[in-house]
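Note that the protein sequences, when read in sequence, are chains L and Y.
With UniProt numbering applied, the first sequence covers 1 to 609.
With UniProt numbering applied, the second sequence covers 1 to 166.
Be a bit skeptical, because a hint or two may be false.
Now the in silico label distances, taken between C-beta atoms and shown as ranges [as the list claims (entries may be wrong)]:
1) Y/Gln137 / L/Leu230: 53 to 61 Å
2) L/Gly477 / Y/Lys146: 21 to 29 Å
3) L/Ala340 / Y/Phe152: 31 to 39 Å
4) L/His338 / Y/Tyr161: 29 to 37 Å
5) Y/Phe152 / L/His338: 50 to 58 Å
The hints are simulated quantities; they were obtained by calculation from the structure and are not laboratory data.
Note that beta-carbon positions come from the ideal geometry of N, C-alpha and C, so glycine has one too.
The primary structure of each chain is shown beneath.
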Amino acid sequence: MSDTAIHLVMGNEAIGDGLLEAGCQVVAAYPGTPSTEIMQSIITAKERAGGPLHLEWSVNEKIAFEVALAASYTGKRSAAIMKQVGLNVAADPFMRTAYLGTVGGMVTVVADDPGPHSSQTEQDTRLFCLQGRVPVLDPSSPAEAKAMIGPAYALSEKYRRNIVLRPTTRISHSRQNVALGAVPVMNRPSSFTPDPGRWCATPAFLPGLHGALNKDLEAISREPEWQPRLTPGDGSRPGTALVASGIVYAHLVDLLDELGLAGTIDLYQVLMPYPLSPTFIERLRADYQRLLILEETYPVIELQLAHPGAVGKQGGAVPRVGELTPDAVHAVLADFLHLAKPRQTGPAQRGQRPSLCPGCPHRAAFYTIKQTFPDGIYPSDIGCYTLGMNLGAVHTVHCMGACISQGAGFYQAYRLDGGDFPTVVVTIGDSTFFHAGIPALINAVLQRARIIVVILDNATTAMTGGQPVPHLGVTAGGQPTTAIAIEPLVRAAGVEFLEVCDPYDSRALTRVLKQADAHIRSDDGSVAVVISRHPCVMDPAAKKIRSPATAIITDECIGCGTCVSEYECPALSLNEEEGRAVIDGDRCIGCGTCVDVCPVQAIEVKELS
Amino acid sequence: MKQQIIVSGIGGQGALFLTRVIAQAAVDLDIPVMTSETHGMAQRGGTVISTIKVGPFASPLIRTGQADVALLLWEDNLGVHRPLVKDDGTLVINAEGAGPGLRIDASGIARKLGNAVLSNLVLLGCAVRHQALFCDQQACAAAIRKLAPARFVEQNLQAFYEGLNG
Chain L
1 MSDTAIHLVM GNEAIGDGLL EAGCQVVAAY PGTPSTEIMQ SIITAKERAG GPLHLEWSVN
61 EKIAFEVALA ASYTGKRSAA IMKQVGLNVA ADPFMRTAYL GTVGGMVTVV ADDPGPHSSQ
121 TEQDTRLFCL QGRVPVLDPS SPAEAKAMIG PAYALSEKYR RNIVLRPTTR ISHSRQNVAL
181 GAVPVMNRPS SFTPDPGRWC ATPAFLPGLH GALNKDLEAI SREPEWQPRL TPGDGSRPGT
241 ALVASGIVYA HLVDLLDELG LAGTIDLYQV LMPYPLSPTF IERLRADYQR LLILEETYPV
301 IELQLAHPGA VGKQGGAVPR VGELTPDAVH AVLADFLHLA KPRQTGPAQR GQRPSLCPGC
361 PHRAAFYTIK QTFPDGIYPS DIGCYTLGMN LGAVHTVHCM GACISQGAGF YQAYRLDGGD
421 FPTVVVTIGD STFFHAGIPA LINAVLQRAR IIVVILDNAT TAMTGGQPVP HLGVTAGGQP
481 TTAIAIEPLV RAAGVEFLEV CDPYDSRALT RVLKQADAHI RSDDGSVAVV ISRHPCVMDP
541 AAKKIRSPAT AIITDECIGC GTCVSEYECP ALSLNEEEGR AVIDGDRCIG CGTCVDVCPV
601 QAIEVKELS
Chain Y
1 MKQQIIVSGI GGQGALFLTR VIAQAAVDLD IPVMTSETHG MAQRGGTVIS TIKVGPFASP
61 LIRTGQADVA LLLWEDNLGV HRPLVKDDGT LVINAEGAGP GLRIDASGIA RKLGNAVLSN
121 LVLLGCAVRH QALFCDQQAC AAAIRKLAPA RFVEQNLQAF YEGLNG
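From just these sequences and the hints, can you work out the full model?
Quick look at the structure:
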């Protein structure tokens with residue numbers, strides 16, 4: 001592959017290439033949309049590296065950050081990668097690192113999700129960086145995200161500070177033609193110099209470190225390479241300018257072009273929203289009476305500018321919720337420049353909602369749980385299985401690992417009232433269990449919470465595309481490693497009731513759930529754990545051993561629609577004209593878990609030859 | 001040369017692959033290209049949309065009423081994504097029955113080839129046959145060869161030609 005070859009590259013792949021081409025040798029990540037493919041692309045491209053790499057899917061983001069941080073202490077270039085809510089998990093080491101610093105270049109990539117397309121929040125990592133006092137870069141395209149990484153490492157090493165690169169969904173999941181570059185051989189032997197005043201800094205050292213941080217931030221804000229870039233107008237709109245950063249800058253460029261306004265108004269692109277250049281702030285105050293500030297998602301630039309003529313999120317001229325799509329930017333720009341109002345777009349019709357895959361073992365588990373405990377409380381968590389909502393078997397979804405603690409909280413609240421308590425059935429995926437479920441399980445046992453925890457074990461991180469989980473015994477690069485089984489962890493946490501069951505066998509699962517309920521209600525009952533174990537239908541190995549079959553609807557069908565409404569398998573629909581259920585042979589995998597759902601036994605599984 | 005294209009479908013139909021093939025054709029023709037895709041939860045059988053902007057653009061997203069071409073793998077999405085397309089834009093739709101736009105029973109053809117997912121390339125073939133796209137048959141076939149896994153290349157090309165020859 002030649003060094004200058006042009007490739008169609010996803011933003012996340014461009015970032016992965018940028019990390020490799022900057023000589024990053026230690027990369028730790030936890031998967032999360034929209035950040036996942038960054039690590040994935042480094043794993044795929046690892047042969048390009050001239051020297052050894054350490055790549056890992058850590059069990060959570062805090063750990064990923066700490067692994068990358070220690071590697072930086074030895075002088076190596078490192079990266080921690082996560083999505084925006086992952087930064088919340090890593091917040092503790094992230095905040096302290098701002099004070100204590102780094103040695104080898106360290107870049108933390110945090111992919112934001114304005115919109116949000118697949119997240120619990122639309123929080124803005126740039127604001128998190130303002131709060132943490134960490135420099136943050138805001139690229140406007142995949143190519144620019146990649147181009148920022150080398151200079152970001154240089155900046156990190158110049159000031160010995162962690163630098164955040166913050167792509168958003170529209171950068172991460174866009175593709176663009178991007179040139180590949182050479183991957184350097186860094187040849188940096190690890191060398192750690194103990195410096196307790198820094199790496200173990202007790203409160204006595206912190207004011208000094210905080211002062212040094214402030215001084216560095218001031219210098220970083222004046223670095224010539226990271227100053228906002230001006231595309232000057234022709235002077236026809238004096239005293240007026242547009243300021244944008246991230247993908248919104250790109251939307252604005254296309255919009256100005258389409259409206260024939262390109263080059264008519266001063267346009268600034270902010271590359272580093274924090275710390276914002278003081279000379280830029282002064283210049284805007286001196287030269288302009290009116291400014292339109294376009295940024296996602298919070299008014300981070302606007303707050304720092306504090307310009308009296310700024311129009312933006314604070315006054316409500318720019319929407320404060322959701323993605324600043326080209327349509328949203330168009331409406332705002334039309335108001336600001338007194339242009340013709342854009343065509344009103346009628347309320348968009350809702351499309352098909354997401355659903356668990358046909359044959360998904362989680363659907364079978366949820367259905368059985370709901371049938372067994374119709375009056376239960378169902379805390380759940382983050383993953384494909386969040387879609388158990390559609391089946392009415394998920395009542396809460398908060399943040400990674402919260403379901404077990406929430407389940408315990410529900411129990412404790414009901415316990416205070418005395419008398420009976422509803423059965424609380426918590427569902428948590430295997431990857432989430434390792435991520436943040438274990439401390440919560442220990443706590444629930446310690447507090448004698450009488451709840452049932454169902455670990456939905458499909459042996460993969462399914463929602464983000466199938467990254468390995470600790471009990472597989474495979475590393476990020478596909479090398480064998482120690483498998484960490486779930487059962488001993490559960491037992492070691494003090495759980496006395498533990499059963500494993502295949503959710504495709506609904507009778508067996510029903511029996512186990514009833515036993516679990518009896519356990520939590522027994523005299524010295526506590527947490528009961530059921531592992532619902534069946535491989536993900538997307539797992540290639542599981543696909544291979546599946547015998548071809550499909551479900552069929554027999555003439556017994558009375559068109560009651562129970563299978564469609566109660567089971568919500570995408571392969572099942574109701575033909576209302578003919579008054580019967582229909583199975584889409586293109587989508588059905590013949591798992592047969594819907595057979596028991598039909599009240600008149602009109603579903604059969606047929607082997608395909 | 002500037003063209004704005006949307007690819008609309010539901011998760012699992014191969015909308016992302018179709019998007020990549022079209023964008024790869026642009027790369028091979030040495031034209032700048034940007035795409036935007038739907039990933040994550042919305043990919044679980046939910047409505048998905050990709051955008052492709054061919055030519056000197058800065059942003060991958062498409063404004064209301066700006067798309068020149070829409071490739072719809074799921075007919076029901078017409079109500080959802082029609083507003084993105086120009087009034088005189090070209091609609092290429094995977095559909096059995098009659099209705100607006102250029103229509104082809106891509107799923108039916110793909111099923112006969114042994115895999116319903118191939119409907120994405122049947123639809124592409126149909127779009128190329130009607131000269132709806134910036135790229136021709138050769139560019140698309142080369143992109144399919146480049147992107148399809150080796151053992152599926154011939155089957156993928158066959159699907160494309162089925163659509164191309166109507």
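Here is how each hint holds up against the structure:
1. Our hint of 53 to 61 Å for Y/Gln137 and L/Leu230 is violated, since their Cβ atoms are close to 45 Å apart.
2. Range check, L/Gly477 to Y/Lys146: about 25 Å between beta-carbon atoms, so the 21 to 29 Å window is met.
3. Between L/Ala340 and Y/Phe152 the beta carbon distance is about 49 Å. The supplied range of 31 to 39 Å is therefore violated.
4. Taking the beta carbon of each, L/His338 and Y/Tyr161 are about 53 Å apart, not inside 29 to 37 Å as hinted.
5. For the pair Y/Phe152 and L/His338, the supplied restraint of 50 to 58 Å holds, since their beta-carbon distance comes to about 55 Å.
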